[in-house]
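Chains A and B, in that order, are what the protein sequence lines are.
Numbered according to our numbering, the first sequence spans residues 1 to 604.
Numbered according to our numbering, the second sequence spans residues 1 to 704.
Treat the hints as calculated values from the structure; they're not laboratory data.
Beta carbons are placed, not taken as given, at the ideal position from N, Cα and C, and that holds for glycine.
There may be inaccurate statements among the hints.
Partial pick of chain B residues on the chain A-facing surface, computed with a CB cut under 10 Å [claimed, not checked]: (1) Val253; (2) Gln256; (3) Ala262; (4) Met312; (5) Gly321; (6) Arg483; (7) Arg488; (8) Leu591; (9) Tyr609; (10) Tyr621; (11) Leu648; (12) Ala652; (13) Leu676.
Chain A stretches covered by chain B per the calculated footprint, using a threshold of three residues with CB under 8 Å from any CB of chain B [to be verified]: (14) 177-184; (15) 538-552.
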Amino acid sequence: MTTSGILYIIVFFLVLLAITKPLGSFMADVYEGRRTFLHPVLGWVENLIYRASGVREEEEQRWTEYAASLLAFSLVSFVFVYFLQRLQGLLPLNPMGFGTAHPPAGATPVTPDLAFNTAVSFMTNTNWQAYGGETTLSYFVQMAALTVQNFVSAAAGMAVAMALIRGFARKQAKTIGNFWVDLTRGTVYILLPLSLLFALFLCARGVPQTLAHYIQATTLQGAHQTIAVGPVASQEAIKMLGTNGGGFFNANSSHPYENPTPLTNFIEILSMLAIPAGLTYTFGKMVGDTRQGWTLFTVMSVMMLGGFLICCSAEQSGNPVLTRMGVQTAHTQTQDGGNMEGKEVRFGIASSALWATVTTDVSCGSVNSMHDSYTPIGGLVPLFNLQTDEVIFGGDGSGLYGILLYAIVGVFIAGLMVGRTPEYLGKKIEQKEVKMAMIAVIATAFSILIFTGLTLDMHFKANGYWNPPGAAIANFNNGGPHGFSELLYAFSSASENNGSAFAGINVNTPWYNLMLGLAMLIGRFLFIIPTLAVAGSLAEKKKIPETSGTLPTQGLLFVGLLVGTIIIIGALTFFPADSLGPIVEQLLMHQGKLFSTIVFPFGS
Amino acid sequence: MSTMHRPVTAPEEETLLSPKRGVRARPLFDPPIVKSALRQSFLKLNPATLIKNPVMFVVEVGAALTTVLMLRNLAAGAGQIGFEFQITLWLWFTVLFANFAEAMAEARGKAQADTLRRTKTETRARRLLDSGEIEIVPSSALRAGDVVLCEADEVIPGDGEVIEGVASVDESVITGESAPVIRESGGDRSAVTGGTRVLSDQIKIRISSNPGETFLDRMIRLVEGAQRQKTPNEIALNILIAGLTLIFLLAVVTLQPYAAYAVDTTKAGSVPSIVVLVSLLVCLIPTTIGGLLSAIGIAGMDRVMQHNVLAMSGKAVEASGDVTTLLLDKTGTITLGNRQAVEFIPTDGVTEAELADVAQLSSLADETPEGRSIVVLAKEKFGFRGRNILEHEAEFIPFSAYTRMSGVDWQGRRLRKGATDAVVKFVTEQGGRVPSSLTEASDRISRNGGTPLAVADGARALGIVHLKDIVKGGMRERLKHLRTMGIRSVMITGDNPLTAAAIAQEAGVDDFLAQATPEDKLAYIRKEQSLGRLVAMTGDGTNDAPALAQADVGVAMNSGTTAAKEAGNMVDLDSNPTKLLEIVSIGKQLLITRGALTTFSIANDIAKYFAIIPAMFVSTYPVLGRLNVMHLHSPESAVLSAVIFNALIIIALVPLALRGVRCKPQDAASLLRRNLLIYGIGGIIAPFPGIWLIDRVLGLLHLA
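Turn these sequences into a full structure, and let the hints steer you where they fit.
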C-alpha cells in the first residue's frame, strides 16, 4: 500500500465516522414520527401520499400484515417495471427508439426473460444488470421504472430494519409499525432530499442530466462516435444512496459521465455507506442505548477496513507474471504501480480497491473498476463480502437487519456461556428467533451453492429456449478457477441482492436471467420474511432488565464475538467453493498460470 | 416467645460456603454404569430413535452409505478398501461415542433412581375402614384418600398427610440425615413420605397418591429418561445445530459438481469420492455438541438430584439458571434458626454485671443455643466462668410450655429467665414489684424484632436479655457473589420493617419484604415478573403454595405440605432452604456447558478445513498442497485424521458434559471472556495439534 492510499482510507473513514451520528439521529427522528427540520418543507408530501393512498398514519400492523404489505408492494413494483420495459417502444421519452420497429444499431432487445430479470433485480434492490443501460432502455424506463425502484426498494429495506428495531425496543407489543408509513417517511424525508442535493452536486461536477438525443461526435481522427447521455445525475445519486448500484451506463461508475472526478468518486463511495452506517446509530438511539449501535458500527468497520487492506495490498502488489516478464509494476516515484488492468487511471489502486470493498460490503454493486480483472485475492475480498450475507454495513436497512440476525445467532451460542438463556437487548433469544435466523442464513447459502452447482452441470440441446447449445459454462469468457469464480460471484451477487458482477459471463440468456432472478427473489424475501417474524416475536416479549449477569452486547468483546460469528457461520460455508476459485487461482498465479482465455493452460 | 425452645435438633453449623454436604458423588466411570452404557450405545443405533438427533442421524446415514460403498468396492475389488474401511469404522464410532455419552448420562441417572427406588420397599399397611375396623393390605393396594394407621417402628406405606397425632419420623432413607423429624397433623409439618419410618407415637395418615404416582415414582421416571422432554433452550439449540448441519450438507453436496468442473478444466486428478465427501460433511457438522447435547441435559438433572433435590422437569433446572431474583426466607436461610444474646439491659438499681451473673446461672443447664449464647455473652463481657453449681445442690427447672420459663433453684435462690409476661407473673406471685423500665425495654426489643428474655432472682426483677437474629457465617459473601452474577436477593420475614431493615443491611440483601403474608409474597413475585425478572423461592406451608406456583422456580421443602410440594417445581428432600443457591448455580452450569461445547464444536471446523480441503483437491490442483499447513503426510491420512479427531473429541469431552463446566461466581463479562478464550479460541487452535498427532500415529502404524 502506498502512503497516499493509507491517507485516503484514513480521511475517508473519519468523514464516515463524522456523518454517522447526525444522519443516524435524524433517521431515528423520522421513523419515530418526530418533527424534523425538513417537516415544514416536505410535510405536505407525506400527508398528500397518505391522503391519496388512504394510509392511516397511526394504524399499526402485526408482523404478518407488515410482511403482506411489503410483499404486495413488491409484487406491484415488479409488474410495473416488467411491463414498462416490455412496452418501452410505445412509451414517450425514447429519443433513440429502443423497443420500436427501428431500434438503434447494436441495441439489446428486451426479451421476457431479460425484463423479468431486470424487474426482479430492481424490485429487490439488487440491480443486477444483464443488459447495458445505454443500449437497451429508454429514458422513460430508466426514470419511471428503474429510478423509482431505486428509491422504494431501498426505503422498503429500511422499513424492515425499522420493524426489527421496534421488535427490540417494544415491550409486550403486538405490532411493529406500519409498512406504508415507514416506506413513505424513508422516501420523503431521507432518500429524496439527500438524492436531490447529491444529484445537483453531480451535475455541477459534469454528470449529464438531459432528455436529449445521444450525441453524434466526430473524433480528431475523423471517426464517428455516438456518445450516450441522458438523465444520468438523478439516477446516479439514488443509485449510490439507495445501495442499488444499477448504472445508467454499462460501464457503471467507471464511466466518466457517471463518475467524472476523484472528488465525485470520494463522495460516491461515501454515499453508498452513509445510510447503512447511519442506521447503526439509528438502531442504538431507538433501542435506547447508542453503545449498542456503535458496537455494530465497529464490527462493520473492522470487517470493511480488513477487507480493504487485503484487497488494496493484493492489487498494489500487482501481477507476478508481468513482473517476471520485466514489466515494472511496483510503486516508484513516477508511477503508483500495482495491477491496473480494468482500473481507471484517474482513480488508481486505493480508491478502486476501496470502491470494490465498499460496494460489496454495502450491497450496492456499482463499480468503478472491473472486479474480473483484480488479482485473485483482490477479487476474493468482494466475493467474501457477498458471502457474509451483506452485513458489513450492508444495503440500506438490509445490512442492519442482516447483522442483527447474526447477532441473534452469536448471542444465542455465546450467551449460553454466561449461564443464562441468551438475551439480546433484554429480549430472550428462543426457538423462534433461532429458527428464523437460521432460515435466512440457509436460504442464501442454498441459493448461492445450489444454483452454482446446477449451472455447472447444465447442458443444453441445440435450438433450445434456455441457452445456446452446449454446456452452460460455455458462456464463460474465462476458463479454470477464474471461470468458476465468475459463476460463483454471479450467484453470490444475485442471492445477496448486491448486483455487482465479476462479469466475464454472457448472462443475458433465459437460463441465467431466470436462475439469477430466482436467486434474487430467494435472497430478498426468504431473508425479509424471517426477519419480520423475528421482529414480531421479539416485540411480544418482556424486556429483561440488565444486570451484571447479562451478556454485555456492547464493547470490544462482543465485537470480536460478532466478527467471529459472521466469519465462521456466514462465510466459512463457502470456503470449499472459494478454495476452488480465487484461492487456488492466486496460488497458480504465483506459478505463472493465468486464465484469460477459455483455453486452459494446464496440460498444454 | 418460645421459638427458642422448639423441639428441633441442633441447628446446622455448616457455613453456606460449604454446600457439598449430602452430595452423593458417584465416580465418573463406575464400571457397572459403563457396562450398561456400552450396551445402550449399540441399541441407540436404531434410526427410529436416532432421528430425534438430526446431527447424529446424518452421521449414521453417512456411515451407512460408506459401508455400502465399501462393501460394493470390496466385491468389485476396486477402490482403496483399507482407507474406506477405516473411515467407515470411525464414522460408526462417531455415532457410537455420541450414543455412549447419552447412555452414560442416562445410566448415571438411572443409578440415582435405583438408589431412590430402594426406599420403596413393599410394606404392609393397616388401612382404616369406614366402619372403624382395620384391615391389613399390601402398600401397593393403597389408593389416594385411603387412611392408614402407623405406629412406632412401622414403615409409612405411602406419601400422605398426617391427619391425627404427632410422631417423630426417621427420614434418613431419603435425606441421608439421621436425626428424626417431627410430623404432626395440621400446620406445615404434616407431610410424610412413603418408605420413611415412624420412631415413636402413632399417627393417622391420609394417603395422597396412587401407587406409581408418588413424587418418587415421578422422579424416577423422569431421570430414567422415559418422560424426558427436551427443554426450550435445548430445542432452540437443536434447531441451530440442525440448521448448521443443513448448511454444511449444501456446501458438501455442491462440492461434487464444483470439483467435477475443476477436474474437467484441468484434466488432472479425480473428483473426491463419496467416502471423502461424507468424511468432510461429518467433520464440518457440529457433531461434538450434537453428540453431547442430551447428555448435558440429563447430567444437569442428575446433578440436581445429587444435591437431594427432585426437579419435576428439566425446564425448571434450566429456568433456575435464568433466575434474577431470589426470595430467601430469613429464618434458617439468612439467619441461624436460633437467636443469640447480644445485650444485658438491667432495670433501675441493678448493675449489668449482676444481671449477667444471674442470667448465666439460670442458663447453665440450658442446652438450647439461646441458653448457651447467654452463658457465652456473660463470659465475654464480664469474664464469668461457667461455675459447676451442680456440686451445690442446685435444682434445675427445665422449660415447660406452661411456665414458659426455665432456671435453677440454688442456695435458696430461685433464679428464672423466660418470656417477659411469665417472669412478671412469677415476680408478682413472689410479692415483688416489676419496674416499668423493664417492661419498656422488653417492648422496645420486641418492637425492633428482637426477643426479650426477662430475668428474675426470686421477687426481684433484674432486667432483660436481648436475643437477636444472627446472620449465618459467609452469607454476606455468598449474597455478594449472587449480586456479581446479577441476581438480586430478597429477604422474606415476618418481622416488622425496622428489624427487617437491620438484618437486611447486616446480611447484605438487596431488598426485603417485612411482615410478609403469603399474599404479599405472591404480589411481590408478580411485580418482579412484570419487570421481566425471573423469581425463585422456597416454601413449605400450604399458604406458600400460590407463591410457589407463581415463581419461576419454586422449591418446596420435603417436610412441607402436599399442597406446597404440588405447587413447586422442585422438592428438596433435605428441606434445606439454602439449597436454592446451589440449584441456581447448577442451572447456570448446565447452560454454560451447552454454550461452551457448541462454541468449541463450531470453532473446530477451521482446522478441519485445512486438513481436508487440500487433501481433496491436491490431485487436481497440486498447488493447494500449500494449504496443508499441518503437513499431514498423505491425503488419505489427512481425511482419516480429521475424522478420527472428530470422533475422539466426543469421547474426550464426555466427562466435561457429565460434570459440567466449572462455574465460578463472576459477572457475565468476565465469564464470557474466559469461556470465549477457552472454548472459542481454544476450539480454533486445539484441533491443529490434535489432527497432526493422529496423522503421525497413523503414519507410524502404516494405517494411511
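Each hint tested on the structure:
no.	hint	in the structure
1	Val253	holds, 8 Å
2	Gln256	holds, 8 Å
3	Ala262	holds, 5 Å
4	Met312	violated, 19 Å
5	Gly321	holds, 5 Å
6	Arg483	holds, 7 Å
7	Arg488	holds, 8 Å
8	Leu591	holds, 5 Å
9	Tyr609	holds, 5 Å
10	Tyr621	holds, 5 Å
11	Leu648	violated, 22 Å
12	Ala652	violated, 19 Å
13	Leu676	holds, 7 Å
14	177-184	violated (count 0)
15	538-552	holds (count 10)
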